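Undergrad: Residue strings, one per chain:
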Amino acid sequence: MGDSADRRVDFRTEPARYQHWRIELDGPLAKLVLDVNEQGSLFNGCTLKLNSYDLGVDIELADAIQRLRFEHPEVCVVAIVSGKDRVFCAGANIRMLATASHRHKVNFCKFTNETRNSIEDATAHSGQRYVSLIEGTAAGGGYELALATDWIILADDGSSAVALPEVPFLAVLPGTGGLTRVVDKRRVRRDLADVFCTLEEGVKGERALKWKLVDELAPRSQLTQRLARLVTAAADGPSVQKGVPLPPIQRRETADGLEYPAVRVELADSGRSATLTVRGPESCPACPAELAAEGGEAWALRAARELDDALLHLRFNQPELAVILLKTAGDPVVALAYDSLLADGGGDWFVREVQLLWARVLKRLDLTACSLAGVIEPGSCFAGTLAELALAADRSYMLDGELPGVEGEATLALSAANLGWYPATNGLTRLRARFGGDEGAISAAEGASGRPLDAAEAERLGLITFAVSDIDWQDDLRLFVEERLSFSPDALTGMEANLRFAGPETMETKVFGRLTAWQNWIFQRPNAVGPEGALQRYGTGQKHVYDVTRV
Amino acid sequence: MATDWAVDYNTKIPNNIDLAGDNRVLRALESWLPGYLNWWHDMGPSGFQESLVYLRTAVTVDPKGWAKFDYVRMPEYRWGILLAPPEPGRTIPFGDHKGEPAWQEVPGEYRAMLRRLVVIQGDTEPASVEQQRHLGSTAPSLYDLRNLFQVNVEEGRHLWAMVYLLFKYFGRDGREEGDELLRRRSGSEDAPRMLGAFNEATPDWLSFFMFTFFTDRDGKMQLESLGQSGFDPLSRTCRFMLTEEAHHMFVGTSGVARVIEATLSAMRRAGVADPTDIEAVRALGVIDLAAIQRKINLHFSLSLDLFGAEMSSNAANFFRSGLKGRYQETKIADDHRLLDATYPVLRVVDGAIAPVNEPALPALNMRLRDDYVEDCARGIERWNKLIASYGHEYRLLLPHVAFHRKVGEFRGVQASPAGALLTAEEWGRQADEWLPGEQDRLFIESLMKPESRPGEFAPWIAPPKTGIDNRPGDFEYVLISP
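The listed protein sequences derive, respectively, from chains Z and B. Our numbering puts the first sequence at residues 590 to 1140. Our numbering puts the second sequence at residues 218 to 699.
Just so you know, the hints here were simulated from the structure itself, not pulled from any lab data. If you're wondering where the values come from, they're calculated on a predicted model, not measured in any experiment. Backbone N, C-alpha and C define an ideal beta-carbon position, used for all residues, glycine too. Just so you know, not all the hints are guaranteed correct.
Unchecked claim - Reference listing, derived: stretches of chain B covered by chain Z, where coverage requires no fewer than 3 residues with Cβ under 8 Å from a Cβ of chain Z:
| # | region |
| --- | --- |
| 1 | 406-415 |
| 2 | 573-581 |
What the hints assert, rightly or not - Using C-beta positions, here's what the derived DEER-type ranges look like:
| # | chain 1 | residue 1 | chain 2 | residue 2 | range |
| --- | --- | --- | --- | --- | --- |
| 3 | B | H351 | Z | A824 | 20 to 26 Å |
| 4 | Z | N626 | B | D390 | 33 to 39 Å |
| 5 | Z | R601 | B | H351 | 55 to 61 Å |
To be verified - Under 8 Å between C-beta atoms, here's a sample of chain Z residues computed to sit facing chain B:
| # | residue |
| --- | --- |
| 6 | G747 |
| 7 | S748 |
| 8 | L788 |
| 9 | E790 |
| 10 | E805 |
| 11 | R809 |
| 12 | G934 |
| 13 | D937 |
| 14 | Q1125 |
| 15 | Y1127 |
| 16 | G1128 |
| 17 | T1129 |
| 18 | G1130 |
| 19 | Q1131 |
| 20 | K1132 |
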């Protein structure tokens, strides 16, 4: 399949088209039932046995999580359960891992991690507490899925178990944050974690509870009751609200890219560079109620979803893409007004969800392995929420002066959005992380929020990298792209990731950092993927052969 | 103190493992035994615990006289730990380690796999006792009652055999698994047995005979392949268990034959010539051959599920690691490594069932299942000869391996007993003809009246050809209230 998997992946789906998940709604409780269609793999020749998953399964999960937040705010407990007998989930499909290209594996792991993070995000911020009910085996990615939930109930039936058997079975690591969450989130003692992660068959019953691998044991006959108790405890919150349906994302393929109502992608350099333009709001709803009435068509929601889809499309379907020029278009004054509206609606669940969605999409941008440059020119709309794109970029170019044929000068404007709505994976605003611990620089920038800044001022405040005069503008951008295309893509990915995530470690930065550093290294090594490696040999009955040199 | 119980246990527990000198196993057994006896009390045969049962007890491994027959109360049965005698110089017969000396200790690399094999095998042994616990009250004769109990106590001993391995070789994990084996219960919602067929009910005596014929025969195949193991203690344990297992097969084969015989001779006496005239046959108070066929269909298909998926990386790993061989491995003429070999596996290809050549290693479950099917077919042929000897052309048949499956390749399809793939609608229309239904259950249940007079048999089953331990026909195998 090497790369039948590298055929185009479409991330747009909806419950009616799910093959692997069911959403079962029951008032404040939603059950996410994992019942994988064995024959429904994105990969030819892969059978998704034992509720094992591939990207297609996770795309549906990500969609379901998103829809529960927007369409079913009345839900306060989401239970992940298996639709199969005696197996919760066997994790990522091993044949898929053994045969997929390295690029696909990395992108797959990144996406599944983002999805697990969105589970934790929903629990922390959306009042939707995720819990898992494990009957049967939760192994590898199956247990990692449970680890992302806030409460794990394990059937105490003498055989249901949780396991991270990657090291003994496959010579790789749990790729979805398993190791980090075991010690950092669940605070499992590191020596017990060491034992746990080398036990092929995992841990069950009392020991799993004692080691803090699960939160609760229950007889199989009482799982439903225990779940009901969690719902009762959680349903104590605010009253039931009406959700906002998420309409299908409108996307059109163009000769050189994609066109959405609020986002455009134009590829150049034979697919190695792209310009991604987000159009700002054309008008601003008068009040939060009007915003809610616009629902799924509200600019703030639509633009975020479209940007998200575009980023995923570029990650998976444009393998050689190296540079993204981030542009915006529109009226910064309207964009700032929009942010004010969102700020006024602080108590409104829909406003909160829109902001949380932007936060996730911007993290997705941070975690995209392409060189990012903000391009701020006359007519662009880097204001507030959209200014975050420039702050997320590896560097930014702002035109100082006017361009022939375009009215006005380039501006950049900060708003409340940049001061706390969209923390990055390190838990800091991009503005704060940008200036390290330099409180003077931070407060100077914060003090300039709410009004358009010209290139000189933006440069003085350290908000842009270069203020470029019109005579150099085209050349500088061209040179940047050409230089980037000439560098090693691997070295660039590593360099950018090192520089982007300054500041403190959080569980998220650890998960992604270690994924990049360790898992991706191990995934490349012959002990895993060589012809005699464990991943290649798994299931053939032939034994792996290891190079025993310890690196 | 320690010496006291050690001596006591060693005399009470028949063994050839120098139990008295094995502190580790003794101490583990000491804490496990009360739980085992509680389990036997709660989940062993219902009633009859005070009855004296004429049972054989394995006391040595001498092939000329390994067992002793005597009256014994079941809770006082001397469950023992017996391994087939060691073969000096035995080497690992297959896999990556072929030709190396057989392991006397667990290789660290394979510890988890071995433990899993032992636990799965161990889990089936008490399960069948649990499934059969209510049959005593409807036994068709003292002879059959005794055979039921013999099978039960020996399944108990087979549990001991696996528990011994866990205690001896798997340390604390092994002791925990030993307790778990007593905690899981057949058919329990909260803690079911590990394999599907061992959670099905054994509601009547015909089911019991079918179970011992089909499901215990799976046990035999598993023991045969574990008997090949490069882990010598497992191999020796399983080889001795096979000596006892033979009787369980006998109970099944002869039990069904005696049911058939009772049916045919009743028909002959009453002048009923057509075995398909269900009403006429049932009016005689015997079980019609079609009902027997439906029981065969059910138990065969459930037992096939025990072999697992046709293509299995576990099976491949077990073989490659030298832990679980093929049926009669040492008699097979090939390289015993199978790295480049292929094996035809039945699969659903383009809407039809066809053999596909697959790598032999992951196909080992399929191969063992094929050997099993062949073994079953030989037993069925004996029953057909009996039917023919009464002048009937009626033949009992093994259903196709794709029929009524819950595990493996055919899980997602419906197939007729002849192996034709069916739509769900076709299946729904005919399933009642092929599997035992409510009518069968009610009819068979109506026949299940206990017969406890020595030498007497319920009318739906014929007496055996010879007695157990050459006892005469009217021998009182069970002294119900001594």
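Undergrad: Next step is simple, just say for each hint if it's right about the structure.
TA: How the hints compare with the structure:
1. Given a C-beta distance limit of less than 8 Å, the hint that chain Z covers the region 406-415 of chain B holds, as 5 residues qualify and 3 suffice.
2. Given a C-beta distance limit of less than 8 Å, the hint that chain Z covers the region 573-581 of chain B holds, as 4 residues qualify and 3 suffice.
3. About 44 Å separates the C-beta atoms of H351(B) and A824(Z), a value inconsistent with the hinted range of 20 to 26 Å.
4. The hinted window of 33 to 39 Å between N626(Z) and D390(B) holds, with their beta carbons roughly 36 Å apart.
5. R601(Z) and H351(B) have their C-beta atoms about 57 Å apart, which keeps the hinted 55 to 61 Å range intact.
6. For G747(Z), the interface hint holds, the least distance from its beta-carbon to any beta-carbon of chain B being 4 Å, beneath 8 Å.
7. Interface restraint check for S748(Z): the shortest CB-CB distance to chain B comes to about 6 Å, inside 8 Å, so the restraint holds.
8. For L788(Z), the interface hint holds, the least distance from its beta-carbon to any beta-carbon of chain B being 7 Å, beneath 8 Å.
9. Here the hint on E790(Z) is kept, as its CB sits about 6 Å from the closest CB of chain B, short of 8 Å.
10. The beta carbon of E805(Z) comes no nearer than 15 Å to any beta carbon in chain B, farther than 8 Å, and the hint placing it at the interface is violated.
11. Residue-level restraint check for R809(Z) holds (minimum Cβ-Cβ distance to chain B is 5 Å; threshold 8 Å).
12. Contact between G934(Z) and chain B, as hinted, is not supported at the beta carbon level, the nearest pair being about 49 Å apart and thus beyond 8 Å.
13. Here the hint on D937(Z) is broken, as its CB sits about 45 Å from the closest CB of chain B, past 8 Å.
14. The interface hint given for Q1125(Z) is violated, since its Cβ lies 13 Å from the closest Cβ of chain B, which is over the 8 Å cut-off.
15. Because the beta carbon of Y1127(Z) sits about 6 Å from the nearest beta carbon in chain B, less than 8 Å, this interface hint is met.
16. This hint holds: G1128(Z) has a C-beta 4 Å from the nearest C-beta of chain B, less than the 8 Å allowed.
17. The restraint placing T1129(Z) at the interface with chain B holds, with a minimum CB-CB distance near 7 Å, inside the 8 Å limit.
18. Interface hint at G1130(Z): satisfied, since its Cβ lies 2 Å from the closest Cβ of chain B, which is below the 8 Å cut-off.
19. The beta carbon of Q1131(Z) is positioned within 8 Å of a beta carbon in chain B (closest approach about 6 Å), and the interface hint is therefore held.
20. Checking K1132(Z) against chain B by beta carbon gives a least distance of about 6 Å; that is within 8 Å, so the hint holds.
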